[in-house]
Amino acid sequence: MWIWIVLAAVVVIVVIYVVSGYNRLVSSNVAVDEAFAQIEVQLKRRSDLIPNLVSTVKGYAAHESGTFEKVTAARAAAEHANGVAEVAAADGQLTQALRGLLMVAEAYPDLKASANFLSLQEELSSTENKVAFSRQFYNDSVRSLNTAIVTIPTKFFVGMANVKAREFYEVPEASDRNAPTVSFE
Amino acid sequence: MAVSFRAQQKTNQRKTWFLLGTMFVALVLMIWAIGTILNFQAYLLVPIAVGISLVGVWTSYWKSDTLVLAMTHAKVVQHEDAPQLYNIVEEVTMAAGLPMPKVAIVDDPAPNAFATGRDPEHAVIAFTTGILRVMDREQLQGIAAHEMAHVGNRDTLVMAVAATTAGLLAVLADMGARMAFFGGRNNNSNNNPIAQIVSIVILLLAPVAALLIRASISRKRESLADATAVEFTRNPNGLRRALETLAGDSTVVQQKSTAVAHVWIESPLDGKSKSMFDTHPPLSDRINILREMEGLPPTEAA
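Keeping their order, the protein sequence lines are chains A and B. Take 1 as the starting number for the first sequence in our numbering and just add one per residue. Take 1 as the starting number for the second sequence in our numbering and just add one per residue.
Incorrect hints may appear among the rest.
[Said to hold, decoys possible] Here are the computed lysine-lysine pairs in the BS3-like style, where the Cα-Cα straight-line distance is at most 30 Å:
1) A:K44 to A:K164
2) B:K102 to A:K44
3) B:K10 to B:K102
4) A:K155 to B:K10
5) A:K112 to A:K164
6) A:K70 to A:K58
It should be emphasised that the hints constitute simulated quantities derived from the structure, not laboratory data.
Based on the provided sequences and hints, a complete structural model is requested.
Set out below in structure tokens:
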């Protein structure tokens, strides 16, 4: 009698152990997908802001056509990017181009004072922050999945859950990252 | 970074559990004390007391979003009403991986902010008009991250559990004392004089101890929220400068009700000197922990 109870208990514990390890892997994997989808949502939102921004700046600085072309080209490239590495590279390019556009705007006081430009600038810088934070969240999710894949006990269920280590979202330019600002007073 | 936000989070979480554990020990002692002083039928008090404190605290917990908004006269805003503020909160939700809360503004000249709601799906983050006036974008992001951290750490729930237990101890002590006074004792009770004295001491002290523990839990949750805010923004600078602005400001929110005092980022009730009943750690201590995360030396006040 006792032997059966002990056996049943052992079986139950093993099942709980396997199920929880498997579920942890699968849910971390889903979390990575969701986090990447969030980055794409934010990139799309930024992309949608660009035509409006370009036309506003054009109204004051029509002859800066080189800058506009760079932004438009980077935006088009970003829309066709696929996969983590490609999206990240295109994202870096577009960030650079946009920075150039805002630099141009600096030279036109009337433009800088216009309400339309100010609200676009707030939306753009907020979207940049959202992109930065969603990629930070994505990288944290990747880190926890990749750690689970190589650590015991979840390590044993990798084959069963059919998950692979995922790629970090790396921004080409170091200064793009949402690095902590340290001021020395 | 000299101190990591992760280490800060870990110690504050551990201390919260320890304190909640202590409260439950106090509760068990209280039930034993009542049984000792009175007869065993006095145990019937327990379910009644549980009922009373649950009804009071848990309705206010469940309805916390609507209740607190009504009590503070906060107005919920949309993106078009306050684009920058709404954007800042949205940014922090990206970092936290939490759903977008309701954003509200309280018309009050004192700079302050709070978060409430029973779970992240019903969360509200409110800012006073004062805080929006005195703080720059980066500081507001730090404040929003602190409030979002309260939401993510389920602090409304933690504080509801603490309040329920403290309330339960108070109700039990009150009922126990009345029944002992009006002759609820009979021969079934334990007649050991030492047990009797110990029980009376517990009856008198446990409710006060519970209030102290509750305040202590609240302080730990504030420190935890500061550390979690840094995890979200990876930028201790914004929150640190925001707290410095709060420390340098002497105006206090007009709403001094104890019912909502604990929810504000800077307590409207805690005095200038440190007290065991404070719901928030002193601003100077919070600033110094953030300075340490930035690798800066502490300020003189520590």
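Identify every previously stated hint that the structure contradicts and give their numbers, smallest first.
5
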